[in-house]
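Okay, here's what each chain looks like letter by letter:
There are 2 protein chains.
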Amino acid sequence: MSWAFFEEFEAGQTDAFGSHFFARDEVIRFARAYDPQPFHIDEEAGRDSIFGRLAASGWHTAAGMMKCWSAYSFGRRAERQSRGLALPEIGPSPGFEALAWPRPVYPGDTVSYAGEVVSKRPLASRPRWGLVMSRIEGVNQEGVKVLTFESKLMVERRISGQVA
Amino acid sequence: MSWAFFEEFEAGQTDAFGSHFFARDEVIRFARAYDPQPFHIDEEAGRDSIFGRLAASGWHTAAGMMKCWSAYSFGRRAERQSRGLALPEIGPSPGFEALAWPRPVYPGDTVSYAGEVVSKRPLASRPRWGLVMSRIEGVNQEGVKVLTFESKLMVERRISGQVA
Numbered sequence: 001m002s003w004a005f006f007e008e009f010e011a012g013q014t015d016a017f018g019s020h021f022f023a024r025d026e027v028i029r030f031a032r033a034y035d036p037q038p039f040h041i042d043e044e045a046g047r048d049s050i051f052g053r054l055a056a057s058g059w060h061t062a063a064g065m066m067k068c069w070s071a072y073s074f075g076r077r078a079e080r081q082s083r084g085l086a087l088p089e090i091g092p093s094p095g096f097e098a099l100a101w102p103r104p105v106y107p108g109d110t111v112s113y114a115g116e117v118v119s120k121r122p123l124a125s126r127p128r129w130g131l132v133m134s135r136i137e138g139v140n141q142e143g144v145k146v147l148t149f150e151s152k153l154m155v156e157r158r159i160s161g162q163v164a
Numbered sequence: 165m166s167w168a169f170f171e172e173f174e175a176g177q178t179d180a181f182g183s184h185f186f187a188r189d190e191v192i193r194f195a196r197a198y199d200p201q202p203f204h205i206d207e208e209a210g211r212d213s214i215f216g217r218l219a220a221s222g223w224h225t226a227a228g229m230m231k232c233w234s235a236y237s238f239g240r241r242a243e244r245q246s247r248g249l250a251l252p253e254i255g256p257s258p259g260f261e262a263l264a265w266p267r268p269v270y271p272g273d274t275v276s277y278a279g280e281v282v283s284k285r286p287l288a289s290r291p292r293w294g295l296v297m298s299r300i301e302g303v304n305q306e307g308v309k310v311l312t313f314e315s316k317l318m319v320e321r322r323i324s325g326q327v328a
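Going down the list, the sequences are from chains A and B. For the first sequence, position 79 matches number 79 in my numbering, and the numbering has no gaps at all. Each number in my numbering corresponds to the 1-based position in the second sequence with 164 added.
Keep in mind the hints are simulated off the structure, nothing from the lab. Mixed in with the good hints there might be a few duds.
Subject to a maximum C-alpha distance of 35 Å in a straight line, what follows is the list of computed DSBU-like cross-link-like pairs (lysine-lysine) [stated by the list, open to error]:
#1 B/309 with B/284
#2 B/309 with A/120
#3 B/284 with B/316
#4 B/316 with A/145
#5 A/145 with B/309
#6 A/152 with B/309
#7 A/145 with B/284
Fair warning: this is a prediction, and the values are worked out from it, not measured in the lab.
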């Protein structure tokens, strides 16, 4: 799903990115900086809210995914390099669809993130790049989905004649 | 757009949430914690990337929005309370659509966030709540869009007979 050339991606391919433990301190620290709604920073406000407990910011749940994906990508990149393979460039995402948080993340939860390639297509406007569409999920330690979205990722195409 | 009861929202209503300055230190700190791709944490890697410069993580751009929205909501909440009005409960978002980062955010940029109510509907499954659909945008100091998405927000309905 990452650090492969566009041509190497295949629909149905799945990758586990890793997991993130949501420590109470970090949940509150993230929320204080970026999402200081009462139910994200205060136990009592959490209990009185629709969440029933202090809950992590949805943007924290998403950032945890990105952290795992980055680490996973670095690993794949290093592995590829150690095998003497060319490194493709992974570009920015042109956007995500259907970003949802089906259930809250609570302090003490561990969320595991994974992705499945859904489809891919060349980018007409940028011949060097292709688009890879994936379905990304985060599930907690009980297997309950807490984050889902559809990702589009720009991935470099293999240049004709380049030795991989 | 926030801290109003469901019945008070109107399509076309716009709200400016505030702005966030993306200091270089904070850009790198956020990226190190949650999105440590080279072009988000290293000037040289940024120059060599599709961004052309060190660029902020898209999740940081989104988190800046949430920070502004939270502050804006608190202000609206306090204002409402000072006028002796009842406070509705704002619930979690069931999801966002079309999350996109049309242009990068660079250190030194100031991003201003705003939203426009697109539509609303009662929630059949939860009679106490309604859904408010909005279009959210972030623009930099040159008026260039750097973040766009469509938001759905759960907002409490006014209970029949409650004095506002």
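Structure-based check of all given hints:
Between residue 309 of chain B and residue 284 of chain B the alpha-carbon distance is near 25 Å, which keeps this suggested pair within the 35 Å criterion. Of the supplied pair hints, the one linking residue 309 of chain B and residue 120 of chain A holds, its CA atoms being roughly 26 Å apart against a limit of 35 Å. Annotation: proposed proximity of residue 284 of chain B to residue 316 of chain B holds, straight-line Cα distance about 9 Å (limit 35 Å). At most 35 Å may separate the alpha-carbon atoms for a hinted pair to count; residue 316 of chain B and residue 145 of chain A meet this at roughly 19 Å.
In summary, the hint linking residue 145 of chain A to residue 309 of chain B is supported, as the alpha carbons are separated by about 32 Å, within the 35 Å threshold. For the proposed pair residue 152 of chain A and residue 309 of chain B, the alpha carbon gap of about 19 Å is at most 35 Å, so the pair holds. A C-alpha spacing of about 26 Å is found between residue 145 of chain A and residue 284 of chain B, which places the hinted pair at or below 35 Å, so the restraint holds.
The structure agrees with every numbered hint stated previously.
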